[in-house]
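Chemist: Single-letter residue listing:
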Amino acid sequence: MLPQVYEEYVKNGKVELIFLDLPLQMHPRALDAAKAAACAGEQQKFWDMHHQLFANQRALAADDLATYAKELGLDVAAFKSCLSSNRHLAGIRDDVRIVNGLGVYGTPSFLLGRRVPGGDKVEVLDIVKGLPPYAMLKEKLDALLAATPPARSPQRQ
Amino acid sequence: MTARLRGISPWAVAAGFALVLSGSQAWALAKKGPKIPVGDDPSLKEGSPQLVLIEVSDFQ
Numbered sequence: 000m001l002p003q004v005y006e007e008y009v010k011n012g013k014v015e016l017i018f019l020d021l022p023l024q025m026h027p028r029a030l031d032a033a034k035a036a037a038c039a040g041e042q043q044k045f046w047d048m049h050h051q052l053f054a055n056q057r058a059l060a061a062d063d064l065a066t067y068a069k070e071l072g073l074d075v076a077a078f079k080s081c082l083s084s085n086r087h088l089a090g091i092r093d094d095v096r097i098v099n100g101l102g103v104y105g106t107p108s109f110l111l112g113r114r115v116p117g118g119d120k121v122e123v124l125d126i127v128k129g130l131p132p133y134a135m136l137k138e139k140l141d142a143l144l145a146a147t148p149p150a151r152s153p154q155r156q
Numbered sequence: 160m161t162a163r164l165r166g167i168s169p170w171a172v173a174a175g176f177a178l179v180l181s182g183s184q185a186w187a188l189a190k191k192g193p194k195i196p197v198g199d200d201p202s203l204k205e206g207s208p209q210l211v212l213i214e215v216s217d218f219q
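Protein chains in written order, with my numbering: chain A, 0 to 156; chain B, 160 to 219.
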C-alpha cells in the first residue's frame, strides 16, 4: 500500500510520509530491526532499510541485518557499532510512548495530520488502526486534502 | 413537522445538504487534534506537502 501512497501522494508533494516505531513485545526481533533502520538512517538509508526489512520479515537475526546493511552499501562496521551502542533505543521508546498516548497499541496503524506551522509537531486529525484497504486510505487523504489549504512556506526536510 | 417543511424552498434544503456534506470534510480540520513531536523521525517528502501520513509499525 505504501508504494501506492508514494506514487500518488508523496512524489507529487501532496503528502509527507513519516515513520514512527512501535516494536511489539510479541515480536522478539522487532526492536533490533527498529534499531537497524535507525542506524541505516545515520547513513541516509532509512527508507531503503525500511523496505528491506519489510521484504524480509522472517529473517531479522543479527547476521541478516548486517547482510542487508552490506547489500544497501552501508559502512557495515559503523552500522554494527551503531547497533551495539543502543543509541537509538531512547528514540524508539519515545515513539512507543507517543503512539500509546494516542491509544495506538497495534501495528500497522496510520496517523493522518498536518504539520504545526513553525515547529516539529504534527497535529493528528485521524487515526486508522490496522491495515486499511488502499481505497479507504485514499478516501481519507483526498477528503483532508480537499479541505486543507496548500502549504505556503517550505518545511524542514 | 411536515406542514412546516412544506414551506421551505427546495433550494434551501439542497443548500443545507451541501453544507452538511462539505462540513464533514471541514470538521476533521476544524477540530483540534492532539499534537505529537516528530522532529527526529524519518520523513519522506517533496516540496511543502499539505498533509502528513505517519506509518506506525514494527518490522516483524
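In case anyone wonders, no lab produced these hints; they're calculated from the structure. Just to be clear, a hint being listed does not mean it is correct.
Here are the computed lysine to aspartate or glutamate pairs in the EDC-like style, where the Cα-Cα straight-line distance is at most 20 Å [stated by the list, open to error]:
#1 A:LYS69 x A:ASP31
#2 A:LYS44 x B:ASP199
#3 A:LYS137 x A:ASP125
#4 A:LYS137 x B:GLU205
#5 A:LYS44 x A:ASP31
#6 B:LYS204 x A:GLU122
#7 B:LYS194 x A:ASP93
#8 A:LYS128 x A:GLU138
#9 A:LYS139 x A:GLU41
#10 A:LYS139 x A:ASP119
#11 B:LYS191 x A:GLU41
#12 B:LYS194 x A:ASP31
#13 B:LYS191 x A:ASP125
#14 A:LYS120 x B:ASP199
#15 A:LYS44 x B:GLU205
#16 A:LYS69 x A:ASP93
Computed footprint of chain B on chain A; a stretch qualifies when at least three of its residues, placed anywhere within it, have a C-beta under 8 Å from a C-beta of chain B [as the list claims (entries may be wrong)]:
#17 16-26
#18 59-73
#19 81-89
#20 100-110
#21 113-120
Just so you know, even glycine gets a beta-carbon here, dropped at the ideal spot from N, CA and C.
Chemist: Now tell me if each hint is right for this structure.
Modeler: Quick rundown of the hints versus the structure:
no.	hint	in the structure
1	A:LYS69 x A:ASP31	17 Å, holds
2	A:LYS44 x B:ASP199	15 Å, holds
3	A:LYS137 x A:ASP125	13 Å, holds
4	A:LYS137 x B:GLU205	19 Å, holds
5	A:LYS44 x A:ASP31	16 Å, holds
6	B:LYS204 x A:GLU122	17 Å, holds
7	B:LYS194 x A:ASP93	14 Å, holds
8	A:LYS128 x A:GLU138	15 Å, holds
9	A:LYS139 x A:GLU41	33 Å, violated
10	A:LYS139 x A:ASP119	23 Å, violated
11	B:LYS191 x A:GLU41	34 Å, violated
12	B:LYS194 x A:ASP31	28 Å, violated
13	B:LYS191 x A:ASP125	11 Å, holds
14	A:LYS120 x B:ASP199	10 Å, holds
15	A:LYS44 x B:GLU205	17 Å, holds
16	A:LYS69 x A:ASP93	28 Å, violated
17	16-26	holds (count 9)
18	59-73	violated (count 1)
19	81-89	violated (count 0)
20	100-110	holds (count 8)
21	113-120	holds (count 5)
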